[in-house]
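J.: The numbering of the sequence shown is the numbering used here, which starts it at 102 and goes up by one.
Hints in this document: simulated from the structure, not taken from any laboratory.
A few of these clues could be false.
[As the list claims (entries may be wrong)] Subject to a maximum C-alpha distance of 27 Å in a straight line, what follows is the list of computed DSS-like cross-link-like pairs (lysine-lysine):
(1) Lys184 x Lys120
(2) Lys184 x Lys157
(3) Lys166 x Lys154
(4) Lys131 x Lys120
(5) Lys184 x Lys131
(6) Lys153 x Lys166
(7) Lys157 x Lys131
(8) Lys131 x Lys153
(9) Lys159 x Lys131
(10) Lys120 x Lys157
(11) Lys120 x Lys166
(12) Lys131 x Lys154
(13) Lys120 x Lys159
(14) Lys120 x Lys153
(15) Lys120 x Lys154
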Amino acid sequence: MPLISVFYNSGEGGFFQCKSDFAELEVAEKFLQSRLFVYDGYRFDFMLEDGKKLLKGKPLENTPKYFRDSMLFAIDIPYRTYKLGI
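Construct all of the structure, not just a fragment, from the sequences and the given hints.
T.: Given below as structure tokens:
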């Protein structure tokens, strides 16, 4: 089963890149349609499968090194902490 990682920035002018992981693509897509992105101003950057394959979005660089660094340095926030009901 692939690991889907969603990279984004928070809506309060935050400049740190955040990451939430999902076991299913459908749940990751619902996360992107949640109130965080629609109303709270969170900004979607890109989505990776297994930390290697770009599924969606426009990262600053489309390289294996950039994806590897993003996986290492993004702030990991479990999506369940947002209590979105998805």
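J.: Now tell me if each hint is right for this structure.
T.: For each hint, the structure was consulted:
In summary, the hint linking Lys184 to Lys120 is supported, as the alpha carbons are separated by about 16 Å, within the 27 Å threshold. The hinted pair formed by Lys184 and Lys157 meets the criterion: a straight-line CA distance of about 24 Å does not exceed 27 Å. For a cut-off of 27 Å, the pair hint linking Lys166 to Lys154 stands: about 12 Å separates their Cα positions. A C-alpha spacing of about 15 Å is found between Lys131 and Lys120, which places the hinted pair at or below 27 Å, so the restraint holds.
A distance of roughly 13 Å separates the Cα atoms of Lys184 and Lys131; the hinted pair therefore holds under the 27 Å criterion. In summary, the hint linking Lys153 to Lys166 is supported, as the alpha carbons are separated by about 9 Å, within the 27 Å threshold. Taking the CA atoms of Lys157 and Lys131, the gap is near 14 Å; set against the 27 Å cutoff, the hint holds. The hinted pair formed by Lys131 and Lys153 meets the criterion: a straight-line CA distance of about 21 Å does not exceed 27 Å.
Simply put, Lys159 and Lys131 have alpha-carbon atoms about 19 Å apart, close enough for the 27 Å limit, and the pair holds. Of the supplied pair hints, the one linking Lys120 and Lys157 holds, its CA atoms being roughly 14 Å apart against a limit of 27 Å. Taken as a hint, the Lys120 and Lys166 pair is honoured in the structure, with Cα atoms around 17 Å apart against an allowance of 27 Å. Pair hint Lys131 plus Lys154 holds up; C-alpha atoms about 20 Å apart against a cutoff of 27 Å.
About 15 Å separates the Cα atoms of Lys120 and Lys159, which keeps this hinted pair within 27 Å; it holds. In summary, the hint linking Lys120 to Lys153 is supported, as the alpha carbons are separated by about 14 Å, within the 27 Å threshold. Among the hinted pairs, Lys120 with Lys154 is consistent with the structure: their alpha-carbon atoms are about 15 Å apart, no more than 27 Å.
Checked against the numbered hints listed earlier, the structure breaks none of them; every hint is satisfied.
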